[in-house]
Amino acid sequence: MSSQLSVAVDLTDPTPAYEQLRRQFALLIETGQLIRGDRLPPLRQLARDLGLAVGTVGRAYQELEAAGLVLTRRGGGTTVQVPAVDAVATTRAHLRAAATAYAKQVAALGLSQDDAVNALEKAWR
Amino acid sequence: MLVIIIVLVLCCGALIVAAVRRATRAPAFRLGINQFAEAAVIARHTRVWRAVGIAVGLAAAVGLTWLSSGGRDLGRLVALAPVALGGCILLGVVVGQLTVRPPRGVVRSATVQTRSMRDYVDRGHVGTLIGASTVVAGLLLLGTSWATPDDMGRPGRTLTRLCTTLAPDGTTVRVGGSSGPWPGEFYTVPILGGLLVVGLLGWLAAWAAVRRRRPGSESSELDDRLRRWSLADVIDACLVTLAATAAPLSLIMANALGSSQCSTTRDAIISWVLAGVGAVATVVTVVVLARLLSPPRVAVDDLPPPPQPADPTPVGAPVR
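Top line first, the protein sequences correspond to chains G and X.
Mapping of the first sequence onto my numbering: residues 1 to 125, in sequence order.
Mapping of the second sequence onto my numbering: residues 126 to 445, in sequence order.
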């Protein structure tokens with residue numbers, strides 16, 4: 001597991017913080033960036049780092065466990081449980097979905113494909 | 126009075142070494158304007174509390190030494206001066222780490238990583254600490270096991286050596302006597318109690334440094350460095366306590382053993398070994414204290430650097 005993986009919470013987003021966390025962890029697991037046996041950060045540590053209540057992070061972990069993606073053991077932390085997936089295919093699927101959503105948004109603004117590409121290049125830098 | 130002078134000379138020596146280190150060393154990390162702002166705030170906050178801990182610790186150590194100069198405590202207060210120094214430094218680290226403010230931005234990030242003490246301690250440094258602890262434990266054991274009561278019946282204050290020798294008229298006479306102060310249980314019990322407290326504080330400070338929140342995932346490299354520096358400070362605080370305890374203990378024992386009328390060859394060898402340990406412990410005290418007084422710096426630029434000749438300007442032509 002790379003130590004550079006990170007999750008973020010946007011408090012201005014109407015989506016609840018626990019759902020934002022659940023979604024991001026699920027994405028990391030589905031795209032193979034977190035593999036079976038990898039440990040998620042301890043509840044209190046992640047809550048402290050994000051400035052959230054322990055219960056909020058706890059709910060995200062419970063939802064991930066309910067979906068069968070992780071397993072929490074007393075004294076053993078929370079570990080990823082899903083078997084290895086076709087990470088490349090999953091990542092490509094997510095990329096296609098993100099690109100489609102971006103393209104629709106640019107079209108709704110009345111801009112061209114070139115505008116979309118230029119904006120993406122600047123954002124990537 | 127002599128003890129106060131020795132303590133002040135050691136502190137001055139450490140300050141001089143620290144000043145030279147600061148003058149000759151570049152900042153370990155240089156941040157641009159508003160770069161990793163939260164991490165820079167945390168670095169400043171923990172550094173301030175660390176400095177407060179060192180200042181209070183030095184004042185406490187000198188104060189205890191001065192209070193002990195009257196002689197009424199029979200040297201117990203000055204024996205605890207190193208414990209006061211190390212304890213105050215560790216308290217400064219604990220307070221600095223535990224009072225870091227929670228994140229206040231609307232977008233907050235964290236790395237997906239489990240932090241543990243093992244990630245941030247240097248094994249060599251820990252090995253030195255274990256070695257120093259072993260030496261101090263040996264000195265306390267030696268002092269306690271060889272100590273005898275003094276003339277007022279206070280246990281563990283003197284070293285008594287008796288032997289027989291041949292008088293000029295051919296008769297055998299009993300010579301020897303008690304010499305003190307000797308670090309027996311009169312001194313070693315409070316010292317051991319103080320060292321155990323310092324050990325607990327050290328563990329608490331290390332736990333607090335690892336537990337402190339991350340200032341955002343983008344500054345994780347700097348944050349990891351800050352934690353390593355804090356844990357190095359914790360180990361150095363414990364080291365300076367042990368070294369500053371070992372130095373006078375071993376020198377006092379070396380002197381008492383070497384100057385006894387009834388010294389055997391074994392006593393002489395032990396005396397020389399103790400003198401060597403005392404000398405090394407004194408140097409270690411000065412070096413580690415100097416290291417604590419000259420921590421690595423995080424420099425934050427306030428303004429962009431002035432343009433230099435041949436720097437490209439925004440329009441492309443170099444500055445002349």
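The set of hints was computed from the structure by calculation and includes no laboratory data.
It is possible that some hints are incorrect.
Said to hold, decoys possible - Some chain G residues near chain X, calculated using beta-carbon distances under 10 Å: (1) PRO14; (2) THR31; (3) GLN33; (4) LEU34; (5) ARG36; (6) ASP38; (7) LEU40; (8) ARG48; (9) GLY55; (10) GLN62; (11) GLU63; (12) GLY77; (13) GLN81.
This one's a predicted model, so the numbers in the text were calculated from it and none came from an experiment.
All C-beta atoms in this analysis are idealised placements derived from N, C-alpha and C, irrespective of residue type, glycine included.
For this session: Tell me, in ascending order, the numbers of any earlier hints that this structure violates.
Result: When the structure is compared with the hints, numbers 1, 2, 5, 9, 10, 11 and 13 turn out to be violated.
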